[in-house]
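Produce the complete structure using the sequences and hints provided.
There are 2 protein chains.
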Amino acid sequence: VKAEIIAIGTEILLGEIADTNSSFIAAELPRLGIDVYWISSVGDNRERLLEALNRAWERSDLVFTTGGLGPSEGDITRSTMAALVGEQLTLDPAVVEKLRARFARIGREMTASNIKQAGIIPSATFIPNSRGTAPGWWLEKSGKILIAMPGPPAEMRGMWENEVLPRLKQLPTGSVLVSRTIKLWGIAESAVNDMFLPLFSSANPTLAIYAKADGIHIRIAAKAPDENIAREMISPIEKILRKELGNVVWGSDNDAMEDVVAKLFAEKKLSLAVVEGFTGGLLMNTLCDCPGNIHYFKGGLVAGSAGLLNEAGIDYGLTENPEALAVVIRRHFKADIGLSVTNIPTGEQPAVNASGGVHVGVAVGGTTRRITLSSVRERARAKRWVVSAALFELFKTLEAVGLEQ
Amino acid sequence: VKAEIIAIGTEILLGEIADTNSSFIAAELPRLGIDVYWISSVGDNRERLLEALNRAWERSDLVFTTGGLGPSEGDITRSTMAALVGEQLTLDPAVVEKLRARFARIGREMTASNIKQAGIIPSATFIPNSRGTAPGWWLEKSGKILIAMPGPPAEMRGMWENEVLPRLKQLPTGSVLVSRTIKLWGIAESAVNDMFLPLFSSANPTLAIYAKADGIHIRIAAKAPDENIAREMISPIEKILRKELGNVVWGSDNDAMEDVVAKLFAEKKLSLAVVEGFTGGLLMNTLCDCPGNIHYFKGGLVAGSAGLLNEAGIDYGLTENPEALAVVIRRHFKADIGLSVTNIPTGEQPAVNASGGVHVGVAVGGTTRRITLSSVRERARAKRWVVSAALFELFKTLEAVGLEQ
Chain E
1 VKAEIIAIGT EILLGEIADT NSSFIAAELP RLGIDVYWIS SVGDNRERLL EALNRAWERS
61 DLVFTTGGLG PSEGDITRST MAALVGEQLT LDPAVVEKLR ARFARIGREM TASNIKQAGI
121 IPSATFIPNS RGTAPGWWLE KSGKILIAMP GPPAEMRGMW ENEVLPRLKQ LPTGSVLVSR
181 TIKLWGIAES AVNDMFLPLF SSANPTLAIY AKADGIHIRI AAKAPDENIA REMISPIEKI
241 LRKELGNVVW GSDNDAMEDV VAKLFAEKKL SLAVVEGFTG GLLMNTLCDC PGNIHYFKGG
301 LVAGSAGLLN EAGIDYGLTE NPEALAVVIR RHFKADIGLS VTNIPTGEQP AVNASGGVHV
361 GVAVGGTTRR ITLSSVRERA RAKRWVVSAA LFELFKTLEA VGLEQ
Chain H
406 VKAEIIAIGT EILLGEIADT NSSFIAAELP RLGIDVYWIS SVGDNRERLL EALNRAWERS
466 DLVFTTGGLG PSEGDITRST MAALVGEQLT LDPAVVEKLR ARFARIGREM TASNIKQAGI
526 IPSATFIPNS RGTAPGWWLE KSGKILIAMP GPPAEMRGMW ENEVLPRLKQ LPTGSVLVSR
586 TIKLWGIAES AVNDMFLPLF SSANPTLAIY AKADGIHIRI AAKAPDENIA REMISPIEKI
646 LRKELGNVVW GSDNDAMEDV VAKLFAEKKL SLAVVEGFTG GLLMNTLCDC PGNIHYFKGG
706 LVAGSAGLLN EAGIDYGLTE NPEALAVVIR RHFKADIGLS VTNIPTGEQP AVNASGGVHV
766 GVAVGGTTRR ITLSSVRERA RAKRWVVSAA LFELFKTLEA VGLEQ
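Chains E and H, in that order, give the protein sequences.
Quick note, the first sequence lines up with residues 1 to 405 if you use the working numbering.
Quick note, the second sequence lines up with residues 406 to 810 if you use the working numbering.
Rather than coming from a laboratory, the hints here were simulated on the basis of the structure.
Note that beta-carbon positions come from the ideal geometry of N, C-alpha and C, so glycine has one too.
Fair warning: there could be bad hints in the mix.
[Said to hold, decoys possible] Simulated coverage check for chain E against chain H, where a stretch passes if three residues somewhere in it have a Cβ under 8 Å from a Cβ of chain H:
| # | region |
| --- | --- |
| 1 | 19-25 |
| 2 | 286-293 |
[To be verified] Covered, in the sense of this in silico footprint (three residues per stretch, anywhere, with C-beta under 8 Å from a C-beta of chain E), are these stretches of chain H:
| # | region |
| --- | --- |
| 3 | 409-422 |
| 4 | 428-438 |
| 5 | 568-578 |
| 6 | 682-688 |
This is the structure in structure tokens:
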């Protein structure tokens, strides 16, 4: 099945908004056995949109569009699609009623331009939109399918999950692509490449390596007639990878490091306190984004200008020593594990802005340790990298708890 | 001048990487008087790339491509462009030498596939790449221009700034587009719309409103034969907007709230301490991303599970009261201004995870105040929104310092 994605909206051509919908849809299709050959963006211009739709309709089996379903003059997706298949737009009275009820509920008046969103043609059916007023269209004609979704990413993703994806799964594509991602920290891309060189030349399943902010991802992807067969093709390769890679593996598929860490804290019934220099709060912010944080995160300090730590009741002399700082912060917040991130090179330097090596100190039980990181990345990337390194230290620390006893 | 942008790479069609280059280029072109009519992505497939280039070459005056200039088998941009204009690829000995020297410098051997990057055709000249090995191409033929740039965004942006943009500025497009953005907080998009309704119907300059994470942006854009005339068209409208909007304006153009705040802290020679509940460190992290933070940011606390504040030496009873908490954190860190973010509804609730109203407390001089925010946004957006609201409170607070004396 050949697919094509078209993002509609002049604001994309002006660079005012980035089209994130197309890349979201493109990432979803391979596992359905659907191949994307073209992605394009066009403005709110009838002639050029019709040209793009005509070409897509001719060369692809399945066309996805996003955008242009709103109530304004510039929203021309529905009328242009009607022109594409030579059909007449009419208003669906049931949808007009639903729109009216929705506007009444949010206390706004429905205008004539809103009614436009109830327009439909004989070959199309509405796709419900649970997060906005504009329903989508599912258009089937002459063996081709055209799916029109709204532009706002939250609305589009809701419609995708609830409506479009379940229906696409019913399409007979003949094959599925199943993938499995294994996530690593503390190993270089080239080292992974060299370790598994013969596997990388396999045509099915394929192996691919990606360098991401949270480490190296290895993706195993198998094409097969159904999901079970694909999984059986993946499983032995995953076993080999895990065996060879050992303890640099911290997660798989959609795992985020902070979630993996939160789960381990819950399992081991331990708590955490943090002091952050270089990362300025980014580590704690990442921990707090994870719903489980309340069960283990006791709180922490963000280091500011030089005098801070002393004033906050911590011995300033200790700040040159990341392990000692981890011990102090743990005691200060009565936590089981203390973690420090700092790049203070001398007692006179401020903690936040100094460049150069960054230290992560961990205090757990009667032991402490430090790792030293040096980075040539620009500041924002360096901060994310240090946060990942600190999370991985927590992961290793928590995994070891219990084993040593 | 009609322009078109093509992103090349199968990984884009698979949704493995998002094409951010096209939106970057699209945002740069309007101020040069260049209109973008088409943006598209194609895979590393000769037939489909040639089809896309042929169509672009026919319908556009200026074609930008990104990607496909690397050393691997899949990098087919150069050879496909040679086919497009019917010319023969040859190696440029001077560029081969430069590549060889570059590889020697980084201690790697140059392979046969790297030499590919020294290929050129008679109608094209090389565009230097200061951040990578692959030079770009500037191809001119039959009154059309094709500009090929590398895919990695850092390399592409470096080439854009240093090489492509200066040359594009020389193109006689007949007009330039100059824009000016005014940034607001604490006013609704619809209210701005209603205030300046007559201005929004102006065709040149045009006015546009955007709702962003840091508030409402109003963009005034003027098309004129040169920059000075455009600025003269913008200036009276900016004056009207600023006069009517008054103190909801906090910045313009590329200003970020944290930079505006850092500048005011420096001007007024004041310092800050922060305690964060709901936002979990995001506010301090934002402040610390701004280079000037070391001069005013004394440090702060991130609130964790219920017992934290007490253990950190702050009276827990006060945490129900954002103003009192701002006073305590200020004293604790010996700062001039204390700021608290919290959503603790009762003394028994934890600070980080509760939903509902969020309070920002400010203590400065002998006065304190609070603002209460309620949000229906999902958590990540709500956090960013609260951080912006807190930064705007700091902005207002700092602007008022000195005036009241």
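Results of checking the hints against the structure:
1. 19-25: holds (count 6)
2. 286-293: holds (count 5)
3. 409-422: holds (count 6)
4. 428-438: Check passed, 8 qualifying residues.
5. 568-578: violated (count 0)
6. 682-688: holds (count 5)
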